[in-house]
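Turn these sequences into a full structure, and let the hints steer you where they fit.
Residue numbers (our numbering), protein chains in the order written: chain F, 1 to 266; chain R, 1 to 480.
It is worth saying that the hints were derived from the structure and are not from the lab. Warning: the hint list may mix true and false statements.
[Claimed, not checked] Quick list of in silico lysine to aspartate or glutamate cross-link-like pairs, EDC-like style, CA-CA up to 16 Å:
| id | chain 1 | residue 1 | chain 2 | residue 2 |
| --- | --- | --- | --- | --- |
| 1 | F | Lys237 | R | Asp61 |
| 2 | F | Lys245 | R | Asp61 |
| 3 | F | Lys205 | R | Glu36 |
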Amino acid sequence: MSRTRGMWNTRGMWVAGVVLAAVVGLTGYAMFNGDDDGGATAGKGSARPSASSSSVGAAPTYQAPDDWVEPERWAALPRGSRTDGRGSQVGFPHTTEGAVAMLAAANTTDIEGERSTVDEQLRIYYSYMGSDGRSSDTAEQIELNAQQTDKTVHKQMGVPAGDALPSGAYLRNTVVGFKVLQASDDEVSAWLLARVVQKNGETAKEQASYTRTLAAARWQDGDWKLSVDATVRAQKKAQNQTEPKMAAPGDAKFNDYGWTAIREAS
Amino acid sequence: MRRLAAVLLALVAVLGLSVAAPQPAAADGVIGNGVEVACKVNAGPVLGTAIEIAGKATGYDLCDKIGDATEKKVKEAWNGVWNSVLGDVINSAADVSKWTIKKVLTVALLGPSLDLEATGLFGRHATLAGMMTWLGLVIATFGAMWQIGKMAVTGQSKHIGRAMAGWLESTILSAVGVGLIAVLVAAGDALTAGLVDATFDGGDAAYKRIVAVMVPEGVSNPVTMLCIVAVLLLVGFIQMVLVFLRQSAIPIQCLLLPVAGGGRVGGDATRQWAPRLITSICVVISYKPILAVIICTGFAEFGHAKTLAEWLRGCATLVLAVLAPGPLTRIFAPFGEAVGAGLAAGGVGGAFTAAAGYIAGRAKDGDDGDSGSSRLTTPVEHAQYVEQSMGRQGGSGGQDGEAGRDAQSQAARNEAGRVPTQAGTGETAGAGTAGAGAAGAGASSGAAAAGAGIAIQVLDGVNNTLQGASGQIGSGGNRQ
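Okay, structure coming up:
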């Protein structure tokens, strides 16, 4: 016993204990430090963004590119109050922003896996088309056109038409900006700036393109709906003026052309 | 042949590159139509269709994608070219290349080879074949006279023996040669038809698919299309000439058989006619099945996608088919020489043995040579075996410019021949140095050579040189 105690009381043991304490302390410090870093990367550490950017040694984990020009106009569009049977958001507020939100929702598509262009086009038709654009002929023609698009997409992705898309392949349309053409209480027409990305397979490079779509909505039966008459009126009005050119958000021209960026609120 | 291959490959490389050059610009360069269907997956087509069905179309595009303006301008420029005279030229060139490919494939793969009987050259009243037989007889007679003279000068009875054997061979070649060729041609046809049927489910589908791949529809860039048809016209035309050459070569070769047979009677130079002709006949007959193998392999895997890579692969296949006769010649040259050596060694029977030995030797190429020779019991058989195998190796020896050495080597052989027991090995050494051209030397040179014989042999050597040179020009098919 005494021999054991003597062994514990040696100078070497004290040194070892101090070293152990130092290691534990430093590890803890490093862990907490690392935790802060990770939080900032994931965007969760909003509590101390100024601290991390003001700290001398640690480089900021994200910063906008040098040529990034902050869009002058931002809009956080309202969401639909409910989701219909086809998975589309409906029930938008009776405001101009609500109308734009409906147009943006109608233009947001995701073609991936089993979900084909036909599915997405018919979803847009059944969820958002107003009464003045509905007929069985229209639905049929939309389906036929979408089938042609599907054939093209399948060919590009290297699978037979009718099959599911290869894993990792997708074709997505995301609305990133808008410019209102004309707005009244019950009718809103707008240009929509969308980013289309296509990836033909797991290892393929993603391709991207921008589109500009003119669409118009009309307040109908307690919700905003796509309207043929309103769109035709918007087309006639758009013919008399130059359409805004396409530019990505962050580009100086994005502001020059009069686009408003859409902020995805959580 | 190698030079031709180099030229063709260089052409394909150059033209292929210029085909490839406009491609990236259209694919993802400045024009940048990254996502082709970008305007077809949003609400644009839904609204557009509804407006159209409602009859309210204004002609204003609901959706534009970035780069559309540039693309429209480029398309306009291309359309301008298409509508100009150059467009007509390109279109008609495309038509011609389609026709060429179709014709080549029809003749090369689908149609039957030439029917020898139908040519009327070999029937009862065939004047041309009769003339050729007559010519063969004349040559044979002259050859026999030459051999008799040689015998008289040298005092060696082997010369007359050689003439007699040659006469017999000539008769057999004339009698069964044409029939044998007809049978082989028919066999080649059957092989080709079977291959095409198995690969493409019928020949009609075959050339439709190949034409669809090689002359793609809807190439909007006129320069690309021009390059494509230029390459195809060149390759297709050469291919077509080759295929038709094969068709017309068969009757000519059949007509030449009696002449080549007659040559067997004469001296060393004329004795080489038959092996060379046999080589070229083998090449011509096997060209069609080989072509079918190449084309079936090259085009079997094609789907419906029309990419540049596939086009290049198809083009390479066609070029390969053009180049096929070169290697074929090389494959059959030693075979023909083996047959020739066999003819020299033991008449027609020997020729068949030699051919069989050649094939057997090929089959067990990796085996130990001793296992083959151990079965041979007598020295004569052993000598024949050695000679056959030397004849086979002679193919790589090269004959060019060696005909002049023939007289010396003949003298060397005769020196060796003075020791009768070593006749076999002496022959081998001689044949080894002189190449295949010396393979026709007499096998039974047991008798001692007379001094006067050297003079004749020098003459023979001069004759050989002349014949060798003319053979190079006329290309018996043995050397390229």
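Restraint status (C-alpha distance of Lys237 (chain F) to Asp61 (chain R) at most 16 Å): holds, 13 Å
Hint consistency between Lys205 (chain F) and Glu36 (chain R) [alpha-carbon to alpha-carbon, up to 16 Å]: holds, 15 Å
Given hint Asp61 (chain R) paired with Lys245 (chain F) - CA-CA distance at most 16 Å: Roughly 14 Å separates the two Cα atoms, so the pair holds.
The structure is consistent with each of the numbered hints, conforming to all of them.
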